[in-house]
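If you read the sequences in order, they're chains A and B. Just add 10 to the spot in the first sequence (first one is 1) and you have the numbering used here. Just add 225 to the spot in the second sequence (first one is 1) and you have the numbering used here.
Don't take each hint at face value.
Calculated pairs, BS3-like style, for lysine-lysine (alpha carbon to alpha carbon, straight line, at most 25 angstroms) [what the hints assert, rightly or not]:
#1 B:K323 / A:K80
#2 A:K67 / B:K323
#3 A:K81 / A:K24
#4 B:K323 / B:K274
#5 B:K323 / A:K81
#6 B:K277 / B:K293
FYI, nobody ran anything at the bench for these hints, they're computed from the structure.
So you can see what is in the structure, the chains are spelled out below.
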Amino acid sequence: DGGITQSPKYLFRKEGQNVTLSCEQNLNHDAMYWYRQDPGQGLRLIYYSQIVNDFQKGDIAEGYSVSREKKESFPLTVTSAQKNPTAFYLCASRPQGAEAFFGQGTRLTVV
Amino acid sequence: GDSVTQMEGPVTLSEEAFLTINCTYTATGYPSLFWYVQYPGEGLQLLLKATKADDKGSNKGFEATYRKETTSFHLEKGSVQVSDSAVYFCALSDWDYKLSFGAGTTVTVRA
Chain A
11 DGGITQSPKY LFRKEGQNVT LSCEQNLNHD AMYWYRQDPG QGLRLIYYSQ IVNDFQKGDI
71 AEGYSVSREK KESFPLTVTS AQKNPTAFYL CASRPQGAEA FFGQGTRLTV V
Chain B
226 GDSVTQMEGP VTLSEEAFLT INCTYTATGY PSLFWYVQYP GEGLQLLLKA TKADDKGSNK
286 GFEATYRKET TSFHLEKGSV QVSDSAVYFC ALSDWDYKLS FGAGTTVTVR A
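Can you build the whole structure from these sequences, using the hints too?
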C-alpha cells in the first residue's frame, strides 16, 4: 500500500544526545515536510524539501537538521542544540498544489 | 505571507448538535483550502478540500464552502456524534509548496 511511514513511534533522548527520526514515503511525492506539535498547540514547520538534495528552513529550524538524498526519504535529526525537544513530530508529503499526506507521528521525550 | 486563522476552542457539544468551526485566510494568490482532522496520538487525516472559489468540499457529513469574497472556509456538520471528537485544522496551500495551518480547534462531543 502507498503511504508515509514514520519510525519509531516513541523515542527517548538523553540530555546532550542527537537522535534521528525516520520518514519514508512511497507516494512519489516531490515535497516533504517536518512539523512539530506541542500539547494543545498547532503545527509549526521545522523544515521542508521540494526536491532531492534541496531543503528550506521553516519557522523553528534551530536545533534541527535534515537531509534529502533520496526522493522517498526525509530524516530529521534533533541535535543537542535543541533545548526543549520533547514534542510530537509529524512528517508529511505532497505533490504540488494538492493535499498533504501525514505519517502517524513520532513522540520524542527527553529523559 | 499566507496565513490561516481559525476559531479557538475547545468546543464542547452534545450528540446531534450542530457544529461550526470558523476559518479565515490571507493569501496573495488563489490557494487551495483544506480541513484536516487529528485523533489522539495520531497524524492528520484529510477531511475535505476545495480548490477554487465557490467549491464545496464534503465528507462524512462535514461540509465547507470556499468563499473568496469573505476569504473564509468554515467547517459545518449538522449532527455530530461522539466519534467526531478530535482536533480540526484548517489549512491552505498557494502556488508553491508551502502549507499554512491554523492553530487547531479541539472538539469534544458528549453522549
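Evaluated hints:
A hinted pair counts as satisfied when its Cα atoms are at most 25 angstroms apart, and B:K323 with A:K80 qualifies at roughly 20 angstroms. Restraint check for A:K67 and B:K323: the C-alpha separation of about 11 angstroms stays at or below 25 angstroms, so the hint holds. With a C-alpha separation of about 31 angstroms, the suggested pair A:K81 and A:K24 falls outside the 25 angstroms cut-off, and the hint is violated. A hinted pair counts as satisfied when its Cα atoms are at most 25 angstroms apart, and B:K323 with B:K274 qualifies at roughly 16 angstroms.
For the hint pairing B:K323 with A:K81, the CA-to-CA distance comes to about 18 angstroms; that is within 25 angstroms, so the pair holds. Distance hint between B:K277 and B:K293 is fulfilled; the C-alpha atoms sit about 8 angstroms from each other, no more than 25 angstroms.
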